[in-house]
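Number of protein chains: 2
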Amino acid sequence: MTDIQPDWIAVDWGTTNMRAWAMSGSGTVLAEGASDNGMSKLTPEQFEPALLDVIGPWMQGPTTVLACGMVGSRQGWVEAPYAAVPCPVAREAFAQAPCKTPDLTVHVIPGIKQESPADVMRGEETQIAGFLELNPKWDGIICLPGTHTKWVHVSADEVVSFQTFMTGELFALLSQHSVLRHSVASDDWDGAAFDSGLADGMARPERIAARLFSLRAEGLLHGLPAAAAKARLSGLLIGTELAAAKPYWLGQQIAVIGAGGLSKRYVDALAAQSAPATQVKGDAITLAGLTAAYRRLKG
Amino acid sequence: MTDIQPDWIAVDWGTTNMRAWAMSGSGTVLAEGASDNGMSKLTPEQFEPALLDVIGPWMQGPTTVLACGMVGSRQGWVEAPYAAVPCPVAREAFAQAPCKTPDLTVHVIPGIKQESPADVMRGEETQIAGFLELNPKWDGIICLPGTHTKWVHVSADEVVSFQTFMTGELFALLSQHSVLRHSVASDDWDGAAFDSGLADGMARPERIAARLFSLRAEGLLHGLPAAAAKARLSGLLIGTELAAAKPYWLGQQIAVIGAGGLSKRYVDALAAQSAPATQVKGDAITLAGLTAAYRRLKG
Chain A
1 MTDIQPDWIA VDWGTTNMRA WAMSGSGTVL AEGASDNGMS KLTPEQFEPA
51 LLDVIGPWMQ GPTTVLACGM VGSRQGWVEA PYAAVPCPVA REAFAQAPCK
101 TPDLTVHVIP GIKQESPADV MRGEETQIAG FLELNPKWDG IICLPGTHTK
151 WVHVSADEVV SFQTFMTGEL FALLSQHSVL RHSVASDDWD GAAFDSGLAD
201 GMARPERIAA RLFSLRAEGL LHGLPAAAAK ARLSGLLIGT ELAAAKPYWL
251 GQQIAVIGAG GLSKRYVDAL AAQSAPATQV KGDAITLAGL TAAYRRLKG
Chain B
1001 MTDIQPDWIA VDWGTTNMRA WAMSGSGTVL AEGASDNGMS KLTPEQFEPA
1051 LLDVIGPWMQ GPTTVLACGM VGSRQGWVEA PYAAVPCPVA REAFAQAPCK
1101 TPDLTVHVIP GIKQESPADV MRGEETQIAG FLELNPKWDG IICLPGTHTK
1151 WVHVSADEVV SFQTFMTGEL FALLSQHSVL RHSVASDDWD GAAFDSGLAD
1201 GMARPERIAA RLFSLRAEGL LHGLPAAAAK ARLSGLLIGT ELAAAKPYWL
1251 GQQIAVIGAG GLSKRYVDAL AAQSAPATQV KGDAITLAGL TAAYRRLKG
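Chains as they are written, first to last, in my numbering: chain A, 1 to 299; chain B, 1001 to 1299.
These are calculated hints, taken from the structure and not from any lab test. Be aware that one or more of the hints could be misleading.
[To be verified] According to the in silico footprint, chain B covers these stretches of chain A (three or more CB under 8 angstroms from chain B): (1) 16-29; (2) 167-174; (3) 206-216; (4) 251-257; (5) 286-294.
Please read these numbers as outputs of a predicted model, since none were measured by experiment. Backbone N, C-alpha and C fix where the C-beta goes; we use that ideal spot for every residue, glycine too.
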């Protein structure tokens, strides 16, 4: 039992893990917690105990929790139905999760859907809201690199349209489960190989399945080092994505959300296309989005 | 111990399994055998016992074996160095595997490589040779659908060039290990969904990573049935491949080798592009290629 007295608790609950922050009313983080009890590991009944494992020590009487992410999916704790684009970035229709603990109230932020081309997001909408909190009146394209990278058109405080690419998942599958897994097994990184893969992917995206096999053949025939093969694989996949996402980023103001190396690669790749992008750290953004949602809830 | 007296034994030894045929000198199959001791499961010392498990009962004195496939790779029984394109379909440089059994002689057919764009094949060269045995003086494009689909330009009894696409492996990875695995879990097939995926893949191949995520979103938002999602996934991947392989197949005589449904899909897809292709059964082709190699060996 810690000695803090949070006014509310922010939770980012994804597929593979969850993070929680004990918050003061003025937006100060009083404590942080995390667990690997992601949505995919839990049945609906297991969400409340999994949450209490992390936030229990912070609770001192009635407690309000605001959560975003896959916790609100059909397989999650409570389904928070998608809002359809175009829709305001800041929405007020939260879903309330069923709780047995009398003092606990959990509100879940809904995701956003697009009917055609069919697309969905859960969690990213809160990052987008957070980014707009920190950058009021911002118009342009927000790119959120990850397992399922999203390109989002934001204008006049609304999400206009978006498109998701499975690029990150393809990279993981190919690196870990394909015939290429030995060819790309390296902790090093070859920036020049990334650049050449990126250029090839953008120039001839249709050749992706052939370029992939070439990585293996280049290793067999010409001794392509694993660090170069891995970086080239990433470049090929991101280049193919950038070729398709061009209608999103061409001539637009661009923000790339994410602190890690992957987001940096997107920024560098866009810079090489004369499309300067601002890189923004993800953690503070998520918390800003949850905080804005809490203010609307209390509003 | 069976009562047959083969003149030689044909072996097709791939990554995941091996098949063997006891052959008469006139080319009749006297017996067949198979095992799941593929190259990937064996250390170099284990190949000979694995072979004897299958062909031992057929041996009556000195025995000549002719083998093709991954058995001749660096990780196989004996490395049979690649011939470089352009090269004759029918070559005579076999590698001899080290054997402890005095009466056993095992010759391994080398694969074919292409320096640039880097590419390799092992096993398919024997199918190509078999096809040319059955279709003398044939010129055109041979497509060999599979885990790693190959497009091969054959002219004047030579392999001129080729290109390998990881399309089949991508389909398997996405069907079994990705976020799409539940969306596409079906034993049924939706031909119309395949056709529409094929058309989309050919028309905008760069969008492949976005189209993949759309399969999931279509399931969530619009209840896309699994049989349709699976067929559409296959169509998208094959369509993307056909877009890239167009310089191979456009305006050419085409043969697609393989008896199964996958090869039929390629034939249908090409027909939809006004590129008629002949479908040829794979088993007889492999055996014809091994038989032709045996004749050259006995020269």
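Hint-by-hint comparison with the structure:
1. 16-29: Coverage by chain B is violated here, the residue count being 0 at a Cβ distance below 8 angstroms.
2. 167-174: holds (count 5)
3. 206-216: Result for this restraint: holds, n = 9.
4. 251-257: violated (count 0)
5. 286-294: The restraint on the segment 286-294 of chain A is violated, since only 0 of its residues have a Cβ under 8 angstroms from chain B and three are required.
Violation of the numbered hints given earlier is confined to hints 1, 4, 5; the remaining hints are satisfied by the structure.
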